[in-house]
Amino acid sequence: MSNFLLPAATLWQRELLRFWRQKSRVLGVVAFPLVFWLVIGSGSNDLARYYSGALVLTVMFSAIFSTISIIEDRREGFLLSMLVSPAPRISMVLGKILGSATLAWIQGLLFLIFAPLAGVSVGPVELLLVAVAIFLISFTLTALGFAIAWKMESTSGFHAIMNLLLVPMWMVSGALFPMATAHGWVKAVMWVNPLTYSISLLDHVLKLPNAGGGSAPGAMASLAVTAAFGLVLLLASAVMAAQKSTRSAA
Amino acid sequence: MIQVQNLTHRYGERLALADVTFEVASGEVFGLLGPNGGGKSTLFRILSTMMVPTAGTASIAGHDVARDPAAVRGVAGVVFQTQSLDKALTVEENLRAQGHLHALSGAELRKRMDKAMEQLGLLDRRKDLVETLSGGLRRRVEIAKALLHRPQVLLMDEASTGLDPSARRDLSRHVELLKQEEGVTILLTTHILEEADRCDRLVLLHQGKIVAAGTPGALRARIGGDVVVLESGDTTGLASGIEQRFGVRPSVMDGQVLVEIANGHRFIAEVVEAFPGAVESVGLHKPTLEDVFVRETGAAIE
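Chains F and C supply the protein sequences, listed in that same order.
For the first sequence, position 199 (counting from the first letter as 1) is numbered 199 according to our numbering, and the numbering increases by one without interruption.
Heads up, our numbering is the position in the second sequence plus 1000, with the first residue counted as 1.
Isolated chain F, as found in the complex (with noise of 0.2 Å):
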């Protein structure tokens, strides 16, 4: 069992260290969803709208940042060491994604500083399923972070991938508009898309009233949706990492 534990453990640590000697990345992360959220909720004079969307984009943006350490892990040969060592694949998989979603949970629970501009307010008990909530979200998306970054060779490849992919995931997940007064396919892609159930999870949680409203999902089904993408991403990803190489590995 330590065999499996330890390297978990000991990656999810090494990546709380290296953040805790680079606080001024919580600026870089959580500046942007602030300003948008500021900007066009203050604007459209509808925080709580909003308020979902700019924490789950704190939490990619954090997910991303992370993540793209994977690559640079590799270019400079931390990556090795790693595979080199005898210890499983999988639990080192889960180290580096644990210790990336909780670098994003972290700045997602700051970003519930600014609940109470958007009419929220969180108590003990609501404060724990919010964590629970924006925990899995981190997760997720460290993990989907992780599965892009594995096969990366250059940190700028992941940029490319996260305007074209990751950004545009966000924009149709019911952060700027609801599912009900969505259009054609661009509601088909709302609906298959997972981040869609992650907001609904979150304004789920969060009590705000776009919860449910329209055709958005059900708070059991934003669970659902979220925690199973999750698994799916950390399987494939362990599956990815696990593979045998027959050219020049890292």
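Warning: the hint list may mix true and false statements.
[Claimed, not checked] Under the rule of at most 35 Å between Cα atoms (straight-line distance), these lysine-lysine pairs were calculated in the DSBU-like manner:
no., chain 1, residue 1, chain 2, residue 2
1, C, Lys1179, C, Lys1286
2, F, Lys151, F, Lys207
3, F, Lys151, C, Lys1087
4, C, Lys1115, F, Lys23
5, C, Lys1209, F, Lys23
6, F, Lys207, F, Lys23
7, C, Lys1209, C, Lys1127
8, F, Lys23, C, Lys1286
9, C, Lys1111, C, Lys1087
10, F, Lys151, C, Lys1209
11, F, Lys23, C, Lys1179
[To be verified] Quick partial rundown of chain C residues pointing at chain F, CB under 7 Å, derived from the structure:
no., residue
12, Val1078
13, Thr1082
14, Ser1240
[Unchecked claim] Simulated DEER-style distance windows between Cβ atoms:
no., chain 1, residue 1, chain 2, residue 2, range
15, F, Gln22, C, Ser1134, 48 to 54 Å
16, C, Leu1123, F, Lys207, 56 to 62 Å
17, F, Ser154, C, Ala1300, 30 to 36 Å
18, C, Lys1087, F, Ala224, 53 to 59 Å
19, C, Asn1036, F, Trp185, 49 to 55 Å
20, F, Ala224, C, Thr1161, 50 to 56 Å
21, F, Gln22, C, Thr1082, 21 to 27 Å
22, C, Asp1128, F, Ile113, 49 to 55 Å
23, F, Trp191, C, Asn1036, 50 to 56 Å
24, C, Leu1123, F, Ala224, 37 to 43 Å
25, F, Ile113, C, Leu1123, 43 to 49 Å
26, F, Ala188, C, Arg1014, 44 to 50 Å
Honestly, the hints are just simulated from the structure, not real lab data.
Backbone N, C-alpha and C fix where the C-beta goes; we use that ideal spot for every residue, glycine too.
Add chain C to chain F, keeping to what the hints say.
Structure of chain C alone, referenced to chain F:
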């Protein structure tokens, strides 16, 4: 300790390793010498379980590298050419993380970390962030890291690349100590001659093939006598002239004619006399591993 049998590897069409066979005995320092692209790195990746070979087998301490990589990772320590440390962590934190990857913890891990840091002279730098260390110190941390799980075999890829001569000497002193104190078997790849000279045995790799194998002394002894290096404006003309007149076969490389010959000093006088004006400068040295490499392949190592 290490057995390599008919190992062959292709990257697509390109043949990187062609039917390589050798054995490394327990406690030996074994070198793979050759130019970049000669197949050293490919061989290293296969032995360190980073890559599965196209054909042939390799085993470390009886474990097949392709079929049982997990067992190999338990008995081999790997020092990569590229840095594998986390620069944002301290020396100690890097070592601890590595220990955890090998399921070591608690008092046992602390003991081994202290031992490894002591062996490599790192005790006073244990709290320093890796990014503040010099290149030579970083290499020593890499080695300490690779030793934590007490490997029977240490694999080192171009470990001294990028180090200045004094850091390089320092590194080989530590490696030599490890061999004596721990009896660990060491396989290293290098393109640096003085490093190759310090190995117990070595193979010369060129275009994926072993072109020569043996102790550094035995390899140098293949060249009878001295090596005379002549610089000339017309190297091919001079070389064929020498071949006709002295009955030896010179090699030509980079504007130089290299002649292996006994009693080199006498030959120099004769050759300068025989080809007046053709020789621009003359040098004489005892054979080096580079000369052996040139003789076997017609190419240079660097």
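Query raised in the report: Can the suggested window of 49 to 55 Å be confirmed for the beta-carbon pair Asp1128 (chain C) and Ile113 (chain F)?
Result: The hinted range 49 to 55 Å is violated for Asp1128 (chain C) and Ile113 (chain F), with Cβ atoms some 36 Å apart.
Report task. Decide if the proposed pair is consistent with the structure: Lys23 (chain F) and Lys1179 (chain C), CA atoms, cutoff 35 Å inclusive. Result -> It is violated: about 43 Å lies between the C-alpha atoms, which goes past 35 Å.
Query raised in the report: That 50 to 56 Å hint for Ala224 (chain F) and Thr1161 (chain C) (C-beta), does it hold up?
Result: 53 Å, holds
Requested in this report: Mind checking the hinted window 49 to 55 Å against the Cβ distance between Asn1036 (chain C) and Trp185 (chain F)?
Outcome: 53 Å, holds
Query - C-beta pair Ile113 (chain F), Leu1123 (chain C): status relative to the range 43 to 49 Å that was hinted - result: Between Ile113 (chain F) and Leu1123 (chain C), where Cβ atoms are some 44 Å apart, the hint holds.
Query - Status of the given 21 to 27 Å range, CB of Thr1082 (chain C) versus CB of Gln22 (chain F) - result: 22 Å, holds
Query raised in the report: Has the given pair, Lys1179 (chain C) with Lys1286 (chain C), been kept, meaning a C-alpha gap of at most 35 Å?
Result: 29 Å, holds
Requested in this report: Note whether the CB distance of Gln22 (chain F) and Ser1134 (chain C) lies within 48 to 54 Å or breaks it.
Outcome: 23 Å, violated
Query - Pair hint outcome, Lys1111 (chain C) versus Lys1087 (chain C) [Cα-Cα no greater than 35 Å] - result: Judged against 35 Å, a Cα distance of about 23 Å means the pair holds.
**Report entry** Given hint Lys207 (chain F) paired with Lys151 (chain F) - CA-CA distance at most 35 Å
**Finding:** With Cα atoms ~39 Å apart, Lys151 (chain F) and Lys207 (chain F) exceed 35 Å; violated.
Requested in this report: For the pair supplied as a hint, Lys151 (chain F) and Lys1087 (chain C), confirm whether the alpha-carbon distance does not exceed 35 Å.
Outcome: Within the cut-off at roughly 23 Å; holds.
Requested in this report: Using 7 Å as the Cβ threshold, decide whether Thr1082 (chain C) counts as touching chain F.
Outcome: 4 Å, holds
The structure fails to meet hints 2, 5, 7, 8, 11, 14, 15, 18, 22, 24 from the earlier list, while all remaining hints are met.
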